[in-house]
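> Chains as they are written, first to last, in my numbering: chain A, 1 to 208; chain B, 209 to 416; chain C, 417 to 624.
Treat the hints as calculated values from the structure; they're not laboratory data.
This structure is a prediction, so every number in the text was calculated from the model and none was measured.
Even glycine gets a Cβ: it sits at the ideal position worked out from N, Cα and C.
Careful, some of the hints might be misleading.
[Said to hold, decoys possible] Going by beta-carbon spacing under 8 Å, a handful of chain C positions derived as facing chain A:
(1) ALA461
(2) GLY579
(3) PHE582
(4) LEU621
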Amino acid sequence: MPMKLFPKKINFFEYFDNDLKNLSRGTQQLVTIFENFGEFKEHAAKMQDIEHDGDLITHDIMRQLNSSFLTPIDREDIHALASRIDDVLDQIWSAVERMVVFKFTEPTPQSVQMARDLHKTSLVLQKAFNELRAKDYDHVQEYCIEINRLENKLDRDVREALGSLFEDYKDDPLMVIKWKEIYEHLEDAADRCEDVANILESIMLKYA
Amino acid sequence: MPMKLFPKKINFFEYFDNDLKNLSRGTQQLVTIFENFGEFKEHAAKMQDIEHDGDLITHDIMRQLNSSFLTPIDREDIHALASRIDDVLDQIWSAVERMVVFKFTEPTPQSVQMARDLHKTSLVLQKAFNELRAKDYDHVQEYCIEINRLENKLDRDVREALGSLFEDYKDDPLMVIKWKEIYEHLEDAADRCEDVANILESIMLKYA
Amino acid sequence: MPMKLFPKKINFFEYFDNDLKNLSRGTQQLVTIFENFGEFKEHAAKMQDIEHDGDLITHDIMRQLNSSFLTPIDREDIHALASRIDDVLDQIWSAVERMVVFKFTEPTPQSVQMARDLHKTSLVLQKAFNELRAKDYDHVQEYCIEINRLENKLDRDVREALGSLFEDYKDDPLMVIKWKEIYEHLEDAADRCEDVANILESIMLKYA
């Protein structure tokens with residue numbers, strides 16, 4: 001086999017495009033789970049597949065990163081981006097896994113809303129990424145601000161949901177413990193989305 | 209506009225000076241909140257302003273970092289330092305936000321003490337940073353050891369406070385859940401202060 | 417004193433060998449604690465020594481890293497590896513510390529099993545590291561897959577243990593809060609072991 005003088009250039013944009021599309025499938029699936037709580041089991045199983053696909057994509061990105069000499073964006077940014085996108089799906093999957101353990105029979109109204117906002121966030125992340133790829137930097141910033149706004153909204157919603165929780169289940173502390181954990185995973189998922197937006201913004205600032 | 213051959217040098221020390229002063233304002237405000245629980249609402253609003261100011265300073269540092277070629281300290285250290293200082297205020301603000309949700313009418317005696325120790329820690333962090341800036345490295349180490357000691361004390365205090373909590377509120381599990389979360393945020397804030405001290409120490413070791 | 421033209425080369429492999437041996441001592445000690453709950457106090461004291469030894473090793477690695485110009489593996493990998501190994505022992509020590517606070521009189525059967533699996537994991541980590549050092553890369557990957565498998569098993573065990581917890585202590589929410597926290601620390605410890613395995617794998621990919 002002839003030695004390659006130059007390593008092949010990896011299209012990381014293509015990988016992240018895939019990764020973010022898979023993330024949106026995940027957030028959409030979370031909405032499906034909450035909106036169809038009667039068929040929780042089937043929908044949770046599909047979420048597990050999506051989370052697993054995300055793991056494979058992350059693993060692929062990291063492996064390519066280790067074997068590439070030339071990357072279109074800084075190595076540490078690629079690493080951080082892949083890690084944070086992976087974290088979002090991890091948190092969502094943790095929430096779903098815990099719901100299996102907790103044997104919920106219905107969602108709280110607030111949890112449905114949180115899932116919808118996470119899905120919205122993932123769609124805006126895709127848009128921000130596409131604009132970054134197209135070098136349309138003004139829109140990147142715009143979309144990052146929108147993600148920030150959605151994260152703030154979800155934070156507020158979690159606070160209100162927690163308030164209701166402590167009121168509504170005054171006599172059922174176990175229920176408080178259970179839903180509090182679900183809300184915290186969804187809050188963490190939104191935080192990690194904001195991290196992704198911050199990384200996209202910082203990549204933009206380096207190259208704009 | 210003529211092209212600049214050399215990018216302007218950013219005074220990161222000035223930024224961190226500001227950042228740490230703002231952190232001390234935050235820890236002082238936490239003490240104020242706990243010592244004046246009757247006026248919780250006004251004092252919490254002021255804390256939100258301080259947390260917001262901290263976000264702006266962090267954002268400024270990161271933006272300058274992305275546009276600077278020459279930095280007085282390693283880029284990754286600047287990034288880590290700004291991130292960890294931001295984390296401290298985030299944890300403190302999370303504690304305050306949760307106290308709003310939990311509608312506490314009075315603090316526990318241990319929480320007041322924790323706030324005071326966090327404030328002490330932030331003052332020592334400022335001293336350590338000033339000595340690093342003045343290249344008086346012996347004192348940097350001394351102050352970092354002091355921060356370590358304060359973090360250990362707060363850890364111990366949290367453990368004792370948790371012990372009391374489970375005794376005092378044997379029949380009120382919701383109260384246990386609530387205060388446990390507050391204590392954990394304060395414990396995390398102290399951990400992040402220790403991270404800041406560790407970063408200062410490692411910067412010192414590189415340049416001493 | 418004559419100036420040294422070349423800094424001495426530090427044997428980081430030796431340090432990590434030590435670090436991982438200390439980690440295995442820690443996981444073994446956790447098993448001892450759970451299997452001899454009657455002598456909790458003495459065994460917990462020994463665990464504190466092990467955790468402290470780990471801190472010293474981590475501190476040493478970081479200090480050497482800051483003063484070395486040549487390292488056998490990338491600086492950021494050394495830093496990440498030392499940090500994550502430190503995290504594992506931190507989580508284990510946090511679990512033990514909380515058990516002191518919670519005044520448990522006996523372990524749950526699941527917690528004993530988790531400790532054993534953590535110990536198994538730490539032994540496989542040692543093997544993976546030794547093969548990396550010996551440049552026998554095929555076995556590194558094999559052991560990393562084994563660690564992944566053990567982490568998945570522990571995750572599953574935690575979920576089942578949580579399920580039992582909410583059933584068995586239906587009328588004792590404080591017990592649920594207490595054991596839930598212990599399980600979470602052990603789950604985090606296993607997650608950090610997996611991080612260590614991932615770092616070893618990525619070092620291998622760079623050098624294989």
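> Hint by hint, say whether it matches the structure.
Against the structure, the hints come out as follows:
With a least beta-carbon distance of about 31 Å to chain A, the hint placing ALA461/C at the interface is violated under the 8 Å criterion. Satisfaction of the interface hint for GLY579/C is found here, the shortest Cβ-Cβ separation to chain A being roughly 5 Å, below the 8 Å cut-off. Because the closest C-beta pair between PHE582/C and chain A is about 6 Å apart, less than 8 Å, the hint holds. A distance limit of 8 Å between C-beta atoms decides the matter here; for LEU621/C the minimum to chain A is near 4 Å, and the interface restraint holds.
Hint compliance for this structure: hint 1 alone is broken.
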